[in-house]
Amino acid sequence: MSNPASRQDAAAPHVAASFKTGILAEMPHLRAFAASLCGSMTLADDLVQETLLKAWAHAGSFMAGTNLRAWLFTILRNSYYTHHRRYGREIADTDGLHAAQVAVAANQEFHMDLLDFRQALLGLPVEQREAVIMVGAMGLSHEEAAVICDVAAGTIKSRVSRGRARLAGLLGLASGDLPDMSAPSTPPSSLPLVR
Amino acid sequence: MSNRNAGAPTDHGLNHHDPHADTHGRIQDTIGRALQAHYQALVLEPIPDRLIDLLAKLEAGALSDE
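First to last, the protein sequences are chains P and L. So the first sequence is numbered by the working numbering: it starts at 1 and just counts up by one. So the second sequence is numbered by the working numbering: it starts at 1001 and just counts up by one.
Don't take every hint at face value.
Derived pair list, reagent style DSSO-like, types lysine-lysine, alpha-carbon separation capped at 30 angstroms [said to hold, decoys possible]:
#1 P:Lys54 - P:Lys20
#2 L:Lys1057 - P:Lys20
#3 L:Lys1057 - P:Lys54
Each pair of labels, with its calculated beta carbon distance range [as the list claims (entries may be wrong)]:
#4 P:Arg162 - L:Ile1052: 16 to 26 angstroms
#5 P:Thr82 - L:Gly1061: 19 to 29 angstroms
#6 P:Tyr81 - L:Ala1060: 22 to 32 angstroms
#7 L:His1020 - P:Met63: 44 to 54 angstroms
#8 P:Tyr81 - L:Arg1050: 20 to 30 angstroms
#9 L:Gln1036 - P:Thr42: 35 to 45 angstroms
#10 P:Ser61 - L:Asp1018: 46 to 56 angstroms
#11 L:Ile1047 - P:Tyr81: 22 to 32 angstroms
#12 P:Ser158 - L:Asp1049: 38 to 48 angstroms
#13 P:Arg162 - L:Lys1057: 38 to 48 angstroms
#14 P:Ala25 - L:Gln1036: 11 to 21 angstroms
Hint data in this document are derived by calculation from the structure and do not stem from the laboratory. As the structure is a prediction and not an experimental result, all values here were calculated from the model. Note that the Cβ used here is the ideal one computed from N, Cα and C, for glycine as well.
From just these sequences and the hints, can you work out the full model?
Written as C-alpha cells, this is what we have:
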C-alpha cells in the first residue's frame, strides 16, 4: 500500500533522508552498470551524475517502499539510450576499461584475463550486454531485469542466452574446440583499472 | 543460471557423460565467473568526489531541478 505522506515528503524541497541513503548505497552498482554499458568509467560517471539529477528532480514520483534500485537503473538506462549510446560505442576502444592481466577464471582449461573479457563484452549488442550483466553479474531475476528494460521476461531470457553464447564465440571458446587461452596478451599494469 | 544438463535427466554415475555438454557447461561456468569478476571490480572502484559532492548539494537544496 502506498503511503500518501511519504509521497509528500519526497516531493518537498528536502527529500527524505532515506532516499539519499538509498541512492548512496546504489551508487557503486549504478557506476558498475553504466561502465558495463558504455565501456568507460569517465562516461559512466557522467551517466550517474545525470541519473542523480533526474532522480532528485523526480523524487516525488518514486513510491517509498518500492524498488529503488529498479527505479534508478531505469533512469540510468534511459539516459544511456537517449544520449550516450553512439558516443559510448565510438570511444569504447580508446577510453575503455583497462584491466591488469587478472585471471578471472578459476579454471585451468579456460584461462582468460579481465581485459580480454571486457573487450568481448563490448562486442555484444547492447541489449544482450545489459541483459547478461543484470542477470549474470548482478544476480537480478529475469523478471526484475524485464521491468528495468520494459520488455517481457522471456525476452530477457533469450537475450541472456544469446549473449552468453556470443561471448563464448568472441572469446574463442566453443564446445569441442578448445583453443589455448593462456598466452599473455599485455604486460601487467600497476592499476587494475584506470580511467 | 546453469545451462548444464539441458537435455534429459541423467543418472548419477560418472560413467555416462556427454563430453560436449560437459564442455558447454564449463564454458558457461567460466563466463559466469568472468562476468562476476568484471562487475565486482567495478563495484569496488572508489566513488569520485564529484558525485559525492553532487549528492550533498542536492540534499542541501543548492541545485534546482534539471
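Hint check results:
{"no.": "1", "hint": "P:Lys54 - P:Lys20", "in the structure": "13 angstroms, holds"}
{"no.": "2", "hint": "L:Lys1057 - P:Lys20", "in the structure": "11 angstroms, holds"}
{"no.": "3", "hint": "L:Lys1057 - P:Lys54", "in the structure": "14 angstroms, holds"}
{"no.": "4", "hint": "P:Arg162 - L:Ile1052: 16 to 26 angstroms", "in the structure": "38 angstroms, violated"}
{"no.": "5", "hint": "P:Thr82 - L:Gly1061: 19 to 29 angstroms", "in the structure": "26 angstroms, holds"}
{"no.": "6", "hint": "P:Tyr81 - L:Ala1060: 22 to 32 angstroms", "in the structure": "31 angstroms, holds"}
{"no.": "7", "hint": "L:His1020 - P:Met63: 44 to 54 angstroms", "in the structure": "49 angstroms, holds"}
{"no.": "8", "hint": "P:Tyr81 - L:Arg1050: 20 to 30 angstroms", "in the structure": "23 angstroms, holds"}
{"no.": "9", "hint": "L:Gln1036 - P:Thr42: 35 to 45 angstroms", "in the structure": "24 angstroms, violated"}
{"no.": "10", "hint": "P:Ser61 - L:Asp1018: 46 to 56 angstroms", "in the structure": "52 angstroms, holds"}
{"no.": "11", "hint": "L:Ile1047 - P:Tyr81: 22 to 32 angstroms", "in the structure": "24 angstroms, holds"}
{"no.": "12", "hint": "P:Ser158 - L:Asp1049: 38 to 48 angstroms", "in the structure": "41 angstroms, holds"}
{"no.": "13", "hint": "P:Arg162 - L:Lys1057: 38 to 48 angstroms", "in the structure": "42 angstroms, holds"}
{"no.": "14", "hint": "P:Ala25 - L:Gln1036: 11 to 21 angstroms", "in the structure": "20 angstroms, holds"}
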